[in-house]
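Visitor: The whole structure should be built from the sequences, with the hints applied where relevant.
There are 2 protein chains.
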Amino acid sequence: MFCYCRAVTSKRKQTRRSDCPLNVSLELLGDRWSLLIIRDLMFRGFRSYKELLESEEGIATNILANRLKRLEGCGIINTSRAESDRRQLIYRLTKKGIDLAPVLLELILWGARYEETAAPPAMLRKMEKQRQKFLSEIQRRWADESGSMLLRK
Amino acid sequence: MFCYCRAVTSKRKQTRRSDCPLNVSLELLGDRWSLLIIRDLMFRGFRSYKELLESEEGIATNILANRLKRLEGCGIINTSRAESDRRQLIYRLTKKGIDLAPVLLELILWGARYEETAAPPAMLRKMEKQRQKFLSEIQRRWADESGSMLLRK
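Order-wise, the sequence lines are chains Y and L. Everything in the first sequence is counted per the working numbering, starting at 170 for the first residue and increasing by one. Everything in the second sequence is counted per the working numbering, starting at 170 for the first residue and increasing by one.
These aren't lab readings, by the way, just hints derived from the structure by calculation. Treat the hints with care, as some may be off.
Which copy is meant is left open, so a pair is good if it fits within one copy or across any two.
[Claimed, not checked] Below, a list of computed lysine-lysine pairs in the DSS-like style, where the Cα atoms sit at most 30 Å apart:
no.: 1; residue 1: Lys298; residue 2: Lys264
no.: 2; residue 1: Lys238; residue 2: Lys298
no.: 3; residue 1: Lys219; residue 2: Lys265
no.: 4; residue 1: Lys265; residue 2: Lys238
no.: 5; residue 1: Lys264; residue 2: Lys302
no.: 6; residue 1: Lys238; residue 2: Lys264
no.: 7; residue 1: Lys265; residue 2: Lys295
no.: 8; residue 1: Lys298; residue 2: Lys219
no.: 9; residue 1: Lys295; residue 2: Lys238
no.: 10; residue 1: Lys265; residue 2: Lys298
The model shown is predicted, which means the values in this text are computed figures rather than measured ones.
Guide: Next up, the structure:
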């Protein structure tokens with residue numbers, strides 16, 4: 170019924186374990202850090218390497234550098250130079266990256282439902298009861314910010 | 170606005186990197202294999218170690234054994250003995266496990282949207298346009314099967 174995978178055939182994809190869409194997503198995101206970096210960019214507005222490095226899970230600098238490179242390589246984030254200091258890199262989610270919002274939302278809801286976490290009940294209620302509104306707000310905020318970035322260029 | 174995390178305080182959780190619900194979910198599921206095992210149990214009806222081992226991504230037997238143990242340890246799957254052969258273990262998703270369906274769905278949709286995959290368009294459309302119906306069917310099939318398991322015991 171749900172057999173949506175087949176043997177990998179095309180040359181380009183021979184390095185993939187399979188071309189099941191779940192597998193492909195996990196090949197890009199299946200580790201303990203990538204989605205935390207995306208959370209910090211999406212929900213917290215972190216933009217600099219320093220902010221990401223100081224996030225509370227305590228990511229090591231070599232892992233952070235590696236993950237940022239990988240996320241940029243697969244088009245989930247992009248980098249630009251800070252206006253105030255051209256030496257400083259600014260990290261932002263692309264459209265492909267911001268479209269991970271539903272994945273993060275479901276992982277947050279599941280974690281909060283089954284484990285002891287610090288998720289505020291009001292936010293969880295909004296995520297669950299007003300799912301579409303919550304996701305639209307994330308998209309709109311991202312679009313506004315990307316738009317203002319473009320105007321400044 | 171979305172600051173839902175705080176420092177870890179309780180003793181029980183001192184081994185966690187933080188008590189952010191996303192982090193907690195990733196500590197349980199954040200690797201390249203766990204959600205594939207859950208996919209095989211959820212969508213394909215795999216029940217035995219052998220079936221899981223032969224899934225097309227080619228999981229190594231030591232990794233499969235390790236992940237099954239971890240998933241059972243955190244209550245996502247449970248094991249029982251096969252009626253036909255009491256030496257054989259049967260793996261099934263718990264309620265906590267089947268409630269990962271929305272996470273899998275979103276990862277599948279995202280992967281199919283942005284990468285080249287083998288996802289059939291009809292299934293993707295159903296996942297997207299009839300999301301709730303799709304998820305309800307998964308829940309109902311799981312409940313039916315769990316019910317019939319209970320009756321046979």
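Visitor: Now tell me, hint by hint, if it's right for this structure.
Guide: Consistency of the hints with the structure:
no.	hint	verdict
1	Lys298 - Lys264	both (25 Å within a copy, 21 Å between copies)
2	Lys238 - Lys298	neither (36 Å within a copy, 34 Å between copies)
3	Lys219 - Lys265	within (23 Å within a copy, 36 Å between copies)
4	Lys265 - Lys238	within (15 Å within a copy, 34 Å between copies)
5	Lys264 - Lys302	both (18 Å within a copy, 27 Å between copies)
6	Lys238 - Lys264	within (17 Å within a copy, 37 Å between copies)
7	Lys265 - Lys295	both (24 Å within a copy, 21 Å between copies)
8	Lys298 - Lys219	neither (35 Å within a copy, 40 Å between copies)
9	Lys295 - Lys238	neither (33 Å within a copy, 34 Å between copies)
10	Lys265 - Lys298	both (25 Å within a copy, 20 Å between copies)
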